[in-house]
Structures are given as structure tokens and as C-alpha cells.
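> Could you put the whole structure together from the sequences, leaning on the hints where they help?
So the protein sequences, as listed, match chains A and B. Here full-length UniProt numbering is used: the first residue of the first sequence is 1, the next is one more, and so on. Here full-length UniProt numbering is used: the first residue of the second sequence is 1, the next is one more, and so on.
Heads up, some of the hints might be wrong.
[Said to hold, decoys possible] Some chain A residues close to chain B (C-beta under 10 Å, calculated; not the full set):
1) Glu-15
2) Asp-33
3) Ile-53
4) Ala-80
5) Ala-84
6) Thr-90
7) Leu-93
8) Val-130
9) Gln-135
10) Leu-140
11) Leu-143
12) Asp-156
13) Pro-160
14) Thr-224
15) Leu-301
[Said to hold, decoys possible] Restraint ranges, calculated between C-beta atoms of paired labels, are given here:
16) Ser-11(B) - Glu-101(A): 24 to 32 Å
17) His-182(A) - His-182(B): 49 to 57 Å
18) Gly-219(B) - Asp-63(A): 28 to 36 Å
19) Phe-183(A) - Thr-329(B): 33 to 41 Å
20) Asp-192(A) - Thr-328(B): 43 to 51 Å
21) Ala-122(A) - Ala-256(B): 51 to 59 Å
Simulated from the structure, these hints should not be mistaken for lab results. For each residue, glycine too, the CB sits at the ideal point set by N, CA and C.
Protein chains: 2
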Amino acid sequence: MAVPPQARTVSDVGEAGTIAAIRAAAPSALNGDDAAVLAAAAPNARQVCTTDILVEGQHFSLDWSTPGEVGTKAVTQNFADIQAMGARPTAVLMSLAVPGETPVDVVRGIARGIGTAASPWAAELVGGDVVRSTQLIISLTALGVLAGPDPALTIDGAAPGHTVIASGPLGHSAAGLALLRHFGRRDRVPDDEILQRLVQWHCAPTLTVGRGSVARATGASSMTDNSDGLIRDVTTLAERSGVIIDLDSAAIEPDADLRHAAEVLDVDPWTWVLGGGEDHTLIGTTAFQPSAGYRTIGRALRVPDTDPNVDDGVEQHVLVDGAVPAVTTGWSSL
Amino acid sequence: MAVPPQARTVSDVGEAGTIAAIRAAAPSALNGDDAAVLAAAAPNARQVCTTDILVEGQHFSLDWSTPGEVGTKAVTQNFADIQAMGARPTAVLMSLAVPGETPVDVVRGIARGIGTAASPWAAELVGGDVVRSTQLIISLTALGVLAGPDPALTIDGAAPGHTVIASGPLGHSAAGLALLRHFGRRDRVPDDEILQRLVQWHCAPTLTVGRGSVARATGASSMTDNSDGLIRDVTTLAERSGVIIDLDSAAIEPDADLRHAAEVLDVDPWTWVLGGGEDHTLIGTTAFQPSAGYRTIGRALRVPDTDPNVDDGVEQHVLVDGAVPAVTTGWSSL
Chain A
1 MAVPPQARTV SDVGEAGTIA AIRAAAPSAL NGDDAAVLAA AAPNARQVCT TDILVEGQHF
61 SLDWSTPGEV GTKAVTQNFA DIQAMGARPT AVLMSLAVPG ETPVDVVRGI ARGIGTAASP
121 WAAELVGGDV VRSTQLIISL TALGVLAGPD PALTIDGAAP GHTVIASGPL GHSAAGLALL
181 RHFGRRDRVP DDEILQRLVQ WHCAPTLTVG RGSVARATGA SSMTDNSDGL IRDVTTLAER
241 SGVIIDLDSA AIEPDADLRH AAEVLDVDPW TWVLGGGEDH TLIGTTAFQP SAGYRTIGRA
301 LRVPDTDPNV DDGVEQHVLV DGAVPAVTTG WSSL
Chain B
1 MAVPPQARTV SDVGEAGTIA AIRAAAPSAL NGDDAAVLAA AAPNARQVCT TDILVEGQHF
61 SLDWSTPGEV GTKAVTQNFA DIQAMGARPT AVLMSLAVPG ETPVDVVRGI ARGIGTAASP
121 WAAELVGGDV VRSTQLIISL TALGVLAGPD PALTIDGAAP GHTVIASGPL GHSAAGLALL
181 RHFGRRDRVP DDEILQRLVQ WHCAPTLTVG RGSVARATGA SSMTDNSDGL IRDVTTLAER
241 SGVIIDLDSA AIEPDADLRH AAEVLDVDPW TWVLGGGEDH TLIGTTAFQP SAGYRTIGRA
301 LRVPDTDPNV DDGVEQHVLV DGAVPAVTTG WSSL
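Pasting the structure below:
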């Protein structure tokens with residue numbers, strides 16, 4: 001009996017067959033030459049670029065996620081970085097390192113997930129590379145366009161008095177991961193709408209189209225995304241901006257979904273909120289009212305005068321209700 | 001006794017320490033935010049992007065190459081793709097997957113190699129990501145700018161009657177690899193200027209600055225680079241352009257360096273010329289005289305009329321002196 005096409009591995013179909021499967025799953029007329037050419041969106045439009053790498057067993061598991069969800073997660077992770085600059089994602093490049101025994105269907109699913117997740121942004125998978133390796137590794141590069149003459153939305157623009165704003169959930173990805181770890185298999189997570197939603201968010205978080213562009217257009221002063229953990233990422237923003245950020249516990253407290261999951265697992269949901277990353281929620285500051293889709297979660301304060309010989313003398317750049325938070329660690333890739 | 005700083009591993013110094021080492025080794029003011037912002041070089045300047053992934057043991061070996069040479073090779077590989085479009089490289093993003101026991105010096109050396117190789121092009125390492133893995137994997141993305149309104153130099157523009165041109169060596173990287181494999185260790189390769197030069201070219205091939213931009217400016221009709229093997233890459237160009245390409249054996253015959261190495265190893269140097277890749281020599285076509293730095297290596301011919309039901313009916317798109325070449329295979333990544 002012939003091997004069904006979906007059971008073939010990348011070794012079976014080779015480089016050309018694997019690339020053909022990717023291009024069919026995420027088609028783009030821009031793909032297929034030595035490099036892709038991107039049209040300039042407007043005179044003086046600046047390009048924005050970022051890259052992120054996902055390793056199986058570390059950033060995702062195919063035991064828990066479908067290949068399509070992995071593709072979605074990779075796009076969200078990269079597009080959140082583009083949006084955190086206030087730019088519009090336009091293109092994706094994928095470098096894939098795969099063990100030879102990987103089914104082509106896995107590669108096809110990842111590419112389809114990338115194409116589907118990029119599509120609402122009018123962005124396309126425009127190129128890539130595929131090589132053999134011992135671990136499945138996906139390196140995605142996203143490009144974007146920063147329209148008009150205004151500066152990009154950087155991580156260092158927060159000033160004392162600015163409101164801290166956020167758009168998206170906090171701690172949901174960490175809760176989903178905790179559920180997967182607790183129950184060991186995705187199909188063993190109870191058939192409960194809330195728990196399923198959290199698991200789904202961990203496997204394939206999404207990003208509201210244009211949310212970062214809106215923040216830039218309405219005068220936000222700084223922005224980043226929650227990738228390594230709330231306290232950790234806000235600390236980077238506070239340090240780079242030279243401010244203290246005081247978060248309001250009432251504005252970030254665990255929502256009903258997190259409280260429900262925490263009850264099931266008998267843990268403190270604050271750990272997820274403060275230390276959990278990978279929600280890719282946009283977090284920034286503004287001197288104005290939060291724009292549509294953003295809520296206020298704290299404010300930026302002046303760094304107190306200290307001994308100028310000891311850096312800025314501040315041990316803790318992020319507080320919750322004026323005090324050092326219970327969790328200050330986050331996700332680290334090394 | 002304290003561990004000397006150069007003996008520390010990426011596990012020792014963690015994500016922040018590793019990133020700091022990279023940024024110090026290849027500094028750029030554009031690095032350090034969620035994404036890098038690239039200035040538009042000119043009104044309507046289009047962006048060009050490409051990515052390539054290198055796996056240790058497959059595309060390079062730290063037993064044979066210094067980390068700096070690996071960085072150089074990665075840049076050459078990517079910039080050749082940018083130049084093959086007739087564009088000028090402007091920026092590099094590096095995603096690095098490293099085993100925890102990798103010395104930080106290795107990462108620093110790779111970053112320094114990238115920065116040094118990008119520097120003559122006025123291009124910078126503007127961002128990246130570092131994660132842990134079981135294999136050392138470098139995924140580089142290069143961005144470039146295509147100035148002015150003219151079309152990019154694509155792979156599908158060759159037409160019957162055009163001259164086939166090349167700029168750079170053919171088979172030197174394959175000869176260098178054969179020498180390394182034969183002698184087992186780099187320091188066992190005889191201290192012979194020619195052999196050392198071939199080994200050096202395999203470990204760290206370079207690219208003449210601006211050679212691809214010149215070809216586009218002087219009316220070349222198509223271009224690619226020799227990454228997977230001469231016959232294989234020229235076949236892709238010929239197929240995409242819908243032509244037959246006939247190479248002139250006198251113009252591509254093994255040069256004195258290859259003949260010397262072939263004598264030492266007692267092999268046929270034509271295998272390196274026809275099947276060896278990774279020279280990243282620019283190969284294209286033109287309806288005009290070859291521009292400075294290019295030599296003529298063949299010509300494009302019309303595809304003979306054939307049965308329209310059998311694709312274009314052509315089995316072999318690349319000939320040497322009108323005949324099927326002795327080697328038609330090349331490097332494949334899977």
C-alpha cells in the first residue's frame with residue numbers, strides 16, 4: 001500500500017518538496033526569489049523589523065499544540081513587537097530547522113498557521129529557509145511599516161505623570177500552561193469553557209489588529225508587550241525611560257477566568273499575573289486618556305533623588321500599590 | 001580561583017548577559033527596542049529581505065571555523081541574496097539557538113564576525129533573539145534597500161541570446177571542505193598558501209561590496225548566487241526564466257588553485273566546480289557587455305519546441321558546451 005501523502009516526512013519529500021508544501025500552505029507572490037521585495041507603502045515610510053525564535057519543548061510542544069497554533073503563536077509574538085513600535089506588520093520570513101522524521105504535515109500546518117494569523121494584517125509569508133536539525137526550531141522575522149513622519153513608539157518614552165495603559169489579558173498564557181502541566185495532556189484538561197479558553201490562549205494567543213498603531217496615533221509615549229512577564233517587561237520599560245512605575249492592584253487583579261483556574265489548581269493566580277509572560281498584551285504609557293481598547297493599570301512616577309554614584313540607585317523600578325511586588329521574576333530564555 | 005570571563009558559558013551569564021555580549025561585539029544604536037526602525041533611504045525605496053539558517057555540523061563546524069568566520073559566512077550567504085536582487089544590504093537580525101554550555105566567547109565571536117562582515121556595507125546588526133537548544137543554530141535575516149524606480153534583479157529575467165555572467169570563484173568552497181574532510185583538522189591541512197586560501201574561503205567566503213548593485217545599474221536581466229552548486233542554481237535560474245543555459249567549459253574550468261588542491265587530494269576538480277555550492281558567487285545574465293568585475297561563462301538559448309502537455313518538455317535546462325554536464329546534483333538542506 002502506498003504511504004498516504006499526509007504521512008510523509010520532510011526526509012521523504014526533501015528540500016524542494018518541503019518548500020513547495022510551505023508555499024502552498026501560505027502562498028505569496030512575493031516569495032520565490034533570492035529575497036523578497038516589499039513595496040514602499042508611502043514616501044518616507046520607515047521599515048521596522050524584529051525576530052523571535054521558538055524551540056520545541058521550550059516555547060511550544062506539539063503534544064499540546066497543533067502546528068497551526070504554533071504558527072499563530074509565532075506570528076503573535078513577532079507582530080506584538082512590531083505593534084509595540086506603533087508600526088503595521090507587512091511581511092514574515094520563516095527559518096525552519098526540522099528533524100528529518102518530521103511529517104511534512106507539521107511543516108504545512110505551521111506555515112498555514114502563519115499565513116492565517118498574518119492575513120488579517122494584510123501581511124504575507126514572503127520567504128524563508130528550511131534545514132535539518134535535531135530539534136524543531138522556528139525562527140520568524142517580522143517586518144512592518146511605520147507610516148508618516150512621527151517617531152516610533154519606543155520603550156523609553158515614559159515620563160513621570162504618564163498613565164500606564166494595557167490592552168489584553170495578563171497571566172492567561174501562564175494559567176493555560178499551568179493547566180496543561182497539571183493535567184499532563186490537553187485532552188485531559190476538563191471540558192470547561194474557561195479552562196479551555198486559557199489553554200487555547202497559551203497555545204495560540206492573538207492580537208487585536210491595529211491596537212498598537214492606534215496608540216501611536218493617539219499620542220502614547222512608550223510601549224512594549226508582555227512577553228517575559230508583567231513585572232519584568234514593565235521593569236525594562238521603566239528602567240529605559242528612567243521612571244518608577246506604580247501599578248494599581250485593583251486594575252491588574254486576577255480576573256474571573258484566572259480565579260476559576262486558580263481554584264481548580266489550588267494556586268495563587270497573582271503569580272500568573274505578575275510573573276507570567278507570553279500574553280503579548282500591549283503595555284505602554286500616555287500623557288492623555290487611554291485610547292480605545294486600553295485600560296489604565298498604573299502611573300509613572302519620578303525616580304527619587306539618590307546617590308549619583310550608584311547608577312540611578314533604584315533597586316526596584318516597578319511597584320504595586322507603592323510596594324515591592326510579591327513576584328519580580330519572569331521568563332528567561334537561557 | 002575565579003573562572004576567567006572568557007570561560008563562562010551562556011548558562012552562567014544568562015539571557016541578559018548573553019545579549020549584552022552580543023550588543024557589545026556588534027554595536028548598533030538601532031538595537032534595543034521591541035523592533036528596529038530603519039530609515040527610508042530615499043522616497044519610494046523598496047525594502048528587500050531574506051533569511052538563512054545555519055546548523056552546526058551541517059553548515060559549519062566550530063572544530064574547523066572560528067566563531068568570527070561563522071558570522072562572516074552567515075553574512076555573506078544572506079548579503080549575496082540581497083545583492084542578487086540588485087539591492088544594498090542595510091541591516092541584519094540574528095536569532096541564535098545555543099546549548100547552555102556554549103562559551104559566551106563563541107556567541108561574542110559570532111556577533112563580532114557579523115558586525116565586521118556587515119560593516120563595509122554600512123549595514124548593522126539591529127536586533128535578534130537568543131534561546132537555548134541542543135544544537136548551535138544561527139538564523140540570520142538580512143534587509144536591504146532597492147533604490148530608485150527600476151525593477152529588482154530577479155531570477156526569471158534571462159532571455160535567449162543573453163550572456164551568462166559570473167563574479168567570484170566557482171568550487172573553491174567545496175575544495176576547502178574537501179581539504180578539511182581529508183585532513184580531519186584545520187591545523188593538519190598542509191601549510192601551503194593555496195590550500196590555506198581554499199580552506200579560508202570555505203570557512204568565511206566574502207563578497208565584493210556593491211557587485212550586485214552594479215549589475216542591476218548596468219542592465220543585467222537576471223541574477224542569483226551560487227549557494228547550492230553551479231548546475232543546480234543555474235538550473236533554477238534557467239527554469240524560472242524559461243531558457244536553456246549553455247555554459248562554456250573553457251570559462252568555468254578549474255583554475256590553478258582548484259587544480260593544485262585536486263592533485264593533492266587526487267580527485268576530479270570539476271566535481272567542485274559543477275556541484276559545489278557556498279561560494280556565493282553572483283551569477284546572472286545580461287543583454288549587454290558584462291559590467292566591471294564580471295566574466296562571461298555562457299549564454300542563454302531558446303527552449304526547443306516540444307510537446308506542450310509535458311511541462312516545457314525539457315529534462316535538462318543547463319548544458320556545458322551543448323551537452324549534459326557530468327554533475328547535475330548539488331547541496332540539499334534536507
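> Determine for every hint whether it applies to the structure shown.
Hint check results:
1. Glu-15: holds, 4 Å
2. Asp-33: holds, 5 Å
3. Ile-53: Holds, because the Cβ-Cβ distance from Ile-53(A) to chain B comes to roughly 4 Å (cut-off 10 Å).
4. Ala-80: Since chain B brings a Cβ to about 8 Å from Ala-80(A), closer than 10 Å, the hint holds.
5. Ala-84: holds, 4 Å
6. Thr-90: Holds, because the Cβ-Cβ distance from Thr-90(A) to chain B comes to roughly 9 Å (cut-off 10 Å).
7. Leu-93: Because about 4 Å separates Leu-93(A) from the closest Cβ in chain B, which is inside the 10 Å limit, the hint holds.
8. Val-130: holds, 6 Å
9. Gln-135: With a closest approach of 5 Å, the Gln-135(A) hint holds.
10. Leu-140: Hint holds; Leu-140(A) Cβ to chain B Cβ min 8 Å, cut 10 Å.
11. Leu-143: Constraint on Leu-143(A) satisfied, holds at 6 Å.
12. Asp-156: At about 8 Å, which falls below the 10 Å cut-off, the nearest Cβ of chain B leaves the hint on Asp-156(A) intact, so it holds.
13. Pro-160: violated, 21 Å
14. Thr-224: holds, 6 Å
15. Leu-301: violated, 22 Å
16. Ser-11(B) - Glu-101(A): 24 to 32 Å: With a Cβ separation near 29 Å, Ser-11(B) and Glu-101(A) satisfy 24 to 32 Å, so the hint holds.
17. His-182(A) - His-182(B): 49 to 57 Å: holds, 55 Å
18. Gly-219(B) - Asp-63(A): 28 to 36 Å: violated, 55 Å
19. Phe-183(A) - Thr-329(B): 33 to 41 Å: Because 49 Å falls outside the window, the suggested range is violated.
20. Asp-192(A) - Thr-328(B): 43 to 51 Å: For Asp-192(A) and Thr-328(B) the Cβ distance comes to about 59 Å; the hint is violated.
21. Ala-122(A) - Ala-256(B): 51 to 59 Å: holds, 54 Å
Checked against the numbered hints given earlier, this structure breaks hints 13, 15, 18, 19, 20; the rest are met.
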